[in-house]
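The whole structure should be built from the sequences, with the hints applied where relevant.
Chains as they are written, first to last, in this note's numbering: chain A, 0 to 478; chain B, 0 to 478.
Please note that the accuracy of each hint is not assured.
Which copy is meant is left open, because identical chains are indistinguishable; a pair holds if it fits in one copy or across any two.
To be verified - Straight line, CA to CA, 25 Å or less: simulated DSS-like cross-link-like pairs of lysine-lysine:
#, residue 1, residue 2
1, K24, K59
2, K34, K101
3, K34, K122
4, K122, K24
5, K122, K59
6, K122, K334
7, K470, K413
8, K122, K100
9, K363, K334
10, K24, K413
Derived by calculation from the structure, the hints in this document are not laboratory data.
Protein chains: 2
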Amino acid sequence: MARDERGVIDQSEDFAAWYNEVVFKAGLVDRGPAKGTMVIRPYGYRLWELLQSELDRRIKDTGHENAYFPLLIPESYLGREAEHVEGFSPELAVVTHAGGKKLEEPLVVRPTSETIIGEMMAKWISSYRDLPLLLNQWANVVRWELRPRMFLRTTEFLWQEGHTAHAGEGAARRETLLALELYHEVAREWAAIPVVPGEKTPGERFAGAVATYTIEGMMRDGRALQSGTSHYMGTNFASAFDIRYTAEDGREELCHTTSWGMSTRMIGGIVMTHGDDKGLVLPPRLAPYQVVIVPITRGGNAAVEDAAEDLARRLRTAGVRTHVDVRPQLTPGYKYNEWELRGVPVRLELGPRDLKAGTVMMVKRLGDDGKQAVPIDSLPEALPGVLDDFQDFLLARATAFRDSHTRTVDDWEKFADAVSTGWALALHCGSATCEEGIKSRTAATPRCVPRDSESEAGVCVRCGAASAYGKRVVFGRAY
Amino acid sequence: MARDERGVIDQSEDFAAWYNEVVFKAGLVDRGPAKGTMVIRPYGYRLWELLQSELDRRIKDTGHENAYFPLLIPESYLGREAEHVEGFSPELAVVTHAGGKKLEEPLVVRPTSETIIGEMMAKWISSYRDLPLLLNQWANVVRWELRPRMFLRTTEFLWQEGHTAHAGEGAARRETLLALELYHEVAREWAAIPVVPGEKTPGERFAGAVATYTIEGMMRDGRALQSGTSHYMGTNFASAFDIRYTAEDGREELCHTTSWGMSTRMIGGIVMTHGDDKGLVLPPRLAPYQVVIVPITRGGNAAVEDAAEDLARRLRTAGVRTHVDVRPQLTPGYKYNEWELRGVPVRLELGPRDLKAGTVMMVKRLGDDGKQAVPIDSLPEALPGVLDDFQDFLLARATAFRDSHTRTVDDWEKFADAVSTGWALALHCGSATCEEGIKSRTAATPRCVPRDSESEAGVCVRCGAASAYGKRVVFGRAY
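What follows is the structure, given as structure tokens:
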């Protein structure tokens with residue numbers, strides 16, 4: 000495709016530039032005036048809403064309740080958990096003045112809410128009967144970014160953060176893994192991203208956590224995107240905020256807490272997992288428009304436009320999100336390119352001759368089976384299946400891509416080669432110094448110790464010491 | 000009812016204290032650590048979600064799209080519209096430091112988003128074909144409050160803010176009234192608050208607006224609560240942010256813009272419209288639990304508990320939000336009081352004898368028709384109707400209350416008397432000085448010029464000058 004104002008640079012030429020062009024030109028996002036902030040435009044926000052509603056349903060179905068906690072947190076709260084404050088201090092935005100006066104204590108704009116929710120949990124929990132306390136909030140958070148990238152690293156982003164308190168380690172650890180499984184399911188079944196769920200190595204843990212779990216997706220440039228994390232906090236935050244309960248035997252105990260989050264970063268993950276040189280490719284289950292109908296009217300044809308609207312109504316009744324592009328000032332060809340750029344799974348072209356024949360031309364976003372003439376009356380029944388197949392195809396394609404860019408390696412040369420284009424599955428000694436050495440030489444970091452893989456032991460791919468973790472670690476360069 | 004830890008003070012004794020006790024004890028809200036902030040607890044947040052989903056559906060059905068704009072706005076933006084900055088400056092929270100450094104330009108935490116959305120609209124709109132631009136966002140906003148009251152005036156609150164741009168005054172004014180009508184419908188049909196829609200007098204307009212419309216509800220202390228507002232901005236913000244379009248005839252024109260918002264304040268409105276000396280009374284359409292089943296098991300009775308769970312399942316299948324209160328450590332009496340305090344519309348008591356008879360005891364929240372034995376098997380079919388009737392009854396009761404506390408008055412003594420217990424419908428001259436005089440003597444302000452009332456003219460109830468507005472004005476003391 001010629002690269003006009005609607006075209007984008009080829010992925011192979013410059014993946015980062017391709018990403019940036021796509022998210023702006025497809026109308027997902029715009030730049031906000033303050034450094035690193037983004038405006039999520041309607042097309043991008045609808046994608047988020049569709050993802051959000053799936054995740055929210057699962058969060059509720061598993062017994063969590065939504066609540067809302069304040070944006071502004073007294074600065075001193077952050078300091079109560081030593082690792083937490085160290086991790087977040089460099090990224091904080093601080094309100095020093097309000098209501099025309101200097102504040103006695105500055106307030107930080109929440110970078111995450113463990114501290115303020117911990118404070119409230121301490122107030123609400125007194126007995127084992129109050130446990131588990133299963134909370135979630137949908138909110139904006141602010142973390143100052145020096146190298147912002149739309150959706151991936153922005154100064155402000157939207158997310159949900161689950162925060163739970165439990166009587167005992169076992170229950171809290173099960174909760175941590177339950178959240179991970181919700182993320183795995185939503186990423187895989189809805190975003191068609193074949194993420195790898197696993198545990199972070201100690202060096203990659205959340206600030207203040209005892210264990211951090213993650214789902215890692217492989218983008219089409221071979222890099223990893225951390226797409227959701229779930230943390231078991233042990234009693235670290237319970238100690239810092241005095242979250243205690245009286246157990247059934249009357250003794251006072253500290254709660255075990257968890258937190259877990261998935262954010263608008265997922266939108267970037269969808270773009271980079273499925274997109275191609277023509278632009279976005281959206282998984283049907285999250286596409287704001289699953290089908291776009293382009294009536295071909297050459298200066299106005301009421302019969303064709305009416306037929307297009309009528310078909311749209313029937314498709315909507317069948318549960319298909321359908322848009323009719325009636326803009327009179329644009330040519331059909333221009334519209335085809337635009338909807339390809341915007342990643343709509345299925346395009347239906349309807350001209351006077353098609354109408355006469357009782358058919359439409361159906362073109363799937365990847366265009367691999369060309370244009371097909373399809374009877375109009377068959378579409379309300381057939382299209383949901385077409386979309387399901389397309390969804391399945393995207394997941395299968397992304398899985399094949401991930402697998403063909405993941406290599407099991409046991410020597411350093413092959414390791415370095417593998418992480419230059421994808422992931423390496425390698426044994427590692429677990430030493431932080433050795434991890435650092437790998438990072439400085441290859442830019443690769445341990446993404447996770449996968450949950451669903453075989454046990455294995457041997458020697459570290461880098462230093463030759465005995466391997467840790469009991470299995471191979473996924474290494475890759477990351478966003 | 001004896002006033003124990005779960006009881007609340009009588010409304011007639013101290014309405015403000017009653018309100019404060021109810022919102023905390025019913026578990027709607029808690030105090031945040033920063034001045035004037037609130038934590039919306041799960042029970043309160045669920046109420047908000049139910050309201051939100053109704054309003055969001057209507058916003059989308061009328062062609063608006065959701066988007067998300069940044070929280071942090073360069074301070075200079077506010078200054079571009081003179082009245083706007085004057086209105087909001089005293090309430091701003093300001094971020095002066097971020098990422099460990101002092102910012103070159105301070106950022107304000109949005110008190111409302113006209114400015115930042117105006118800036119983006121200017122970028123997105125070029126031709127008449129881009130209009131109307133119909134945007135909405137669900138967001139948190141911060142306005143520093145010196146006298147915070149939970150839900151009614153808090154430093155941070157949640158709302159939706161619609162922002163639209165149009166080609167011409169007519170279209171923009173129609174949009175302003177459309178939004179008002181959405182608010183009217185949601186308030187009336189879902190919150191059962193018989194609000195009065197109307198236009199604000201010039202002194203009560205939004206900072207920067209040409210016309211402000213409002214829905215005003217009457218609370219059970221006779222005061223008015225402004226429950227949603229819709230503003231026609233003329234070209235004020237379009238001039239300030241250069242929001243222009245090329246018209247069909249090729250000329251460049253300024254857009255006409257609108258904005259409109261409804262917030263978590265509505266929760267306070269629901270509390271104060273329907274609540275009584277026992278606590279909350281929730282309209283069924285917005286009640287997190289429409290029905291609570293209390294099994295009476297006296298130390299455990301599996302048959303009764305199973306029957307309760309079974310009934311709950313059948314009610315949920317019938318679309319009724321049902322909760323079974325199985326807490327073993329509490330007596331049935333304690334639970335009855337608690338669910339009355341929390342405003343659940345219908346309580347079902349199920350004991351061994353009831354189970355044997357195949358009935359439950361049904362008690363409606365207002366308790367006016369006592370306990371009724373109802374066949375268990377009739378409930379899945381009957382309860383939706385019982386809830387509808389209860390919803391209708393609440394609206395009718397609130398309408399009767401409003402009407403009996405609203406007086407049409409033509410002399411000053413009667414005016415002062417009317418606004419001490421409710422609203423006065425009076426003619427007014429429209430002078431700001433005269434308005435001020437009324438306020439300083441009675442604390443009453445003009446709430447709105449109602450849309451649905453007869454034309455009328457005469458002399459001002461206060462100063463005797465010729466009346467303005469072409470009809471009577473609603474005066475009342477307000478929150």
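Each hint, compared with the structure:
In this homomeric assembly, K24 and K59 come within 25 Å of each other (Cα to Cα) only across copies, at 24 Å, whereas the closest approach inside a single copy is 35 Å. Taking the shortest Cα distances, K34 and K101 sit within 25 Å of each other both inside one copy (24 Å) and across copies (13 Å). For a Cα distance limit of 25 Å, the shortest separation of K34 from K122 across copies, 18 Å, qualifies, whereas the shortest one inside one copy, 37 Å, does not. For a Cα distance limit of 25 Å, the shortest separation of K122 from K24 across copies, 14 Å, qualifies, whereas the shortest one inside one copy, 48 Å, does not.
In this assembly of identical chains, K122 and K59 lie within 25 Å of each other by CA distance solely inside one copy; the values are 23 Å within and 39 Å between copies. Taking identical chains as interchangeable, the C-alpha atoms of K122 and K334 lie at most 25 Å apart only when they sit on different chains, with a minimum of 22 Å there against 57 Å within one chain. Proximity of K470 and K413 under a CA criterion of 25 Å is satisfied intra-copy only: 18 Å inside one chain copy versus 85 Å between copies. For the identical chains of this complex, K122 and K100 are neighbours neither inside a copy (30 Å) nor across copies (34 Å), given an alpha-carbon limit of 25 Å.
Proximity of K363 and K334 under a CA criterion of 25 Å is satisfied intra-copy only: 14 Å inside one chain copy versus 58 Å between copies. In this assembly of identical chains, the alpha carbons of K24 and K413 never lie at most 25 Å apart, being 38 Å within a copy and 64 Å across copies at closest.
The structure fails to meet hints 8, 10 from the earlier list, while all remaining hints are met.
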